[in-house]
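Chemist: Mind docking chain B on chain A? Use the hints.
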Amino acid sequence: MHDTNSEDSRLNLEVESMVDLAVGGDIEAFGRLYDIFADRIYRHIYYRTSNIEDARDLTQEVFIKAWQALPRYKRSKTPFLGWLFTISHNRVIDYYRTKKDYAYLDNEIIVEDREGSPEKLVEVQFDQQEVRRAILQLPEEQQQVILMSFIEGFEYSEIAAALNKTEGNIRVIVHRALKKMREILGRAGN
Amino acid sequence: MKSWAEQGTKLEKIETIVTNCIREIKSGKATLVECLNRYPSRSQELEALLEVAVNIQEPPAFKLDSSYKQVAKARLLQQIKDAKQEKSRSVADIFSFGLPPQFVWARIAVSAVVILIVISMLAGGIAYAAQDSLPGDLLYPVKIGTEDVRLLIAGDSADKVELNLKFAQSRLVEMCKLANSNEEKTELAVNGYRENLDAAMEQIRRISDAPTLTKSLGGALEDIQNQIILCDNAMDASPAYLEPVREASTLSINEQVELLNMLSQQNILQAAQINLDAMQNRLRRAQTKANDNRYETMQEVLLQYQQLGQLGEQILQSAQAANDHSVEIEELSLQALSSCLDILDSISQQLPQEHQNSIELCRQMTIQFEAQACHRYQNQDNPGSSPEEPPSENSGGSTAGQSSQTTPQYEGDTGNAGTETPSSGTGGNEGNGNGTGSGSGTGSGGAGGGGASSSGGSGTGSTHG
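Protein sequences, first through last, are from chains A and B. If you read the first sequence in our numbering, its first letter stands for residue 231, the second for the next number, and so on. If you read the second sequence in our numbering, its first letter stands for residue -5, the second for the next number, and so on.
Here chain B stands alone, though its shape is the one from the complex:
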């Protein structure tokens, strides 16, 4: 594998340089001075950061006192055993009906009668009453049992997908109701949500008929979009137990990405359109969060934007490689990305310096995506260029479903013609994050003709003239 030091002329991101230098210094492969000598133009910025890094040392090995540890372990295991027994006892208690243990047959008989009554009433009152129950409630198992029965009698996989996503939404509603009162029950609801999503995904994979699969994916994506909104609202309500809610939010976005990946293999144009809408949706939310000075949430949303952006670029590359609706997707992408860059500029203008970097990363990713879209778009206008030529070195033959872990915007391979990698803003912070310039050169129609930094924004407003 090529070492980072050998990458020579390739333009590397400062974070890649810093983290690689730290790794080399920590492992003893290089000294701080050697690292600085490799990057003379950035040595000042690098030195300041590496000095901080080498000063962070592992603390001495504080340990638990061994006698305390033994006692604590015994207490922990006892606590777990007690909890386990409590759980099994509570189930046994339900079926004891207050009868002493020696009346085993009486218990069984009464249980059978009760079960029969319960079954006969399931269709009516109890099942209805259970619909409003929450994890931990006595009637909650009835609610889940009713759902299981409905899944069991559902027709085909497409119906089961629909039902599972409906139940997933119920789990989110439960989560919202519990997020201020009980952490464990909130986690139970989120666990249930995850299980419903997994089950939905499993059923989708079983659909072999292409039109049914496309229809099912479309419906599932609509449901997931609603669930993302539900999670956003739950996060905005600043619940007492934020972590499970945050987890549900991540699950919903991951599900969206996975579904879009699958859809891109069935209907690439539809997948591209939904993905671009989702990207803009995330950015608008980031803008709202920036307006509210909730920068932590804003950064989380921006990471989701990047996740969708990477998928969008992969979809575009797949379309270009297969020449499947590539022109339409390029046009859609250019329109959407221009709007995204406008929103990013707008956020950037009101953001404190310390948060500019996250905007900058999104901007770089967006510009790279835009350059990918422009490349082929311009080739359409240029009769001399071959439409079969791969749009970039890493696009050939890739499908949207692959390499979801790749992070092109971080790994220093943004060397598309005319794309200028901006300074991270550490030493001097020119332009306050606005001086990037799109660099894609799309405004004049000349490929790679841009690259000049502009202080007024991304410069993409005239991209699609």
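Isolated chain A (complex conformation):
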């Protein structure tokens, strides 16, 4: 993600210093990282599970895992958020491996419109369900790259760093994934 304004740069600096403190064992600094990134991780997981409770639990697990693995993060050259996404991805995969329940493909994600009607929650349909289903049917690696690139807005270089691949590899995976999605969407259209 390109940080073009000063607010983003400030946030990046804050994240860097919080990560340093957290690696040194500062729990409060890790709490600040939770404040900053929990919503992004939750959104990523909810997009894939379409189950609020599961997404909440998995988000919590991701941060516990991240705390445990922080000493390892110090040596990787990945943006912190990218690193959190790789943990999220692995947690979601493990979750479905143990659950072996593919009903999530049929579930639709909904958005609670709190601002529009504070008294009564209005469910707003998300009109990308077909595209989402197609993404979720991709092989794991392609799924992760498409989500990080298109949904989370990471640059190819950042995805490459997070996944320990070259930028060229990532471009190839994007290309393959789009071809596969085209097939899936074509089948769904028929």
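Source of the hints: derived by calculation from the structure; they are not laboratory data. Keep in mind it's a predicted model, so treat the numbers as computed, not measured. Treat the hints with care, since some could be wrong.
Said to hold, decoys possible - Here are the simulated DSS-like pairs of lysine-lysine, each with C-alpha atoms no more than 25 Å apart in a straight line:
(1) A:295 <-> B:63
(2) A:295 <-> B:23
(3) B:67 <-> A:295
Stated by the list, open to error - Computed spacing ranges between beta-carbons, pair by pair:
(4) A:413 <-> B:127: 42 to 52 Å
(5) B:123 <-> A:240: 46 to 56 Å
(6) A:326 <-> B:76: 23 to 33 Å
(7) B:37 <-> A:256: 46 to 56 Å
Claimed, not checked - Covered by chain B, according to a simulated footprint, are these stretches of chain A (three or more residues, beta-carbon under 8 Å):
(8) 243 to 254
(9) 264 to 275
(10) 290 to 297
(11) 364 to 376
A virtual CB, placed ideally from N, CA and C, is assigned to each residue, including glycine.
Modeler: Coordinates of chain B only, in the frame set by chain A:
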């Protein structure tokens, strides 16, 4: 920097075109139609993919409910604090010996006696018993402590390299034992593996004597090869906790590449030979995985093959630039790459269409590597050509240790004479991935004379006549 649109006549890979178009469309620099107009010959294939791409939209900002978030955060931090206290308490408990806290001096005295006993027994029973312990076991710190002592009393850096790699192998064995039972402990073993590899690398960098360094690198590469096999076996056993095992596998390959890079600066011929062997080793594994229909693992192994292939090409370029064993390395490369292309063809023939692209990429990289080897090889036969001429535009003065991140096979600079960039197979998929043709023209001995697509394979069988 030159924009992708200005590259004009340069032959670009479809994945580069697609991803660049997506970037331009997303940033508003170009429309879909403008992108299509730039590539009229590929517009049909491109349109289909870009339409899918522009349809992927960011979802609305789902957020955690703020009150839930506060509670969850408090719970998370508490959980972390508890775990931390538990850890420090367990250490303190070990040294309390059941004595109440007010008997501080008694605790210290008992601790001292116990420590003395432990030290005196280290050489014997406990240390021996600890050898079979695993991360998380009570005796595991004794095992690691014994290793640290052995490192401390080891003679020079070369001895320390050897020991660290031996201990690294122990970590892998621990990982294999734990990979089906406990994820956290498996990760601890992999962390230990990484630390041992880092320590080995640090010690290698301290060796200044060239013959000692070469010998040490050779030994380290043998150890790493064993560790790669261990990781392969661990992956094949389909462990319950695959991720840490996969990480260990990546670490071992990265270590191999780094060691080969260093060796190439000491003994370039040996580095080239080991690297080519490693490439063939990866391909044979990919073939086995393809036979077992384990395509995900196959693709991972093919990426490792590409990683080694890129290194091989860099080693070759360094040898050619420095005229250091270049003829031998070219001959070795041609033999090995011909065999690699045969294996790739064999895999390709049994692979479903959706996985052909990964084979195709490996094939392109191999062909490019082969063309690099042929270039100079043919110059040897051609008295009119200057042996000092750089073999390709990007080879001059480069060393194998540099630009490990370059990915020539993806970036559209495969314009070597006679090398034909194949279609990615999207629209029509001619030849099912087999119609590439080596394009290196080596069979007839005429540089750049190839390029005609052949449906029967890579066409490299007669390369080294």
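Chemist: Against which earlier hints does the structure fall short, listed by number upward?
Modeler: 2, 8
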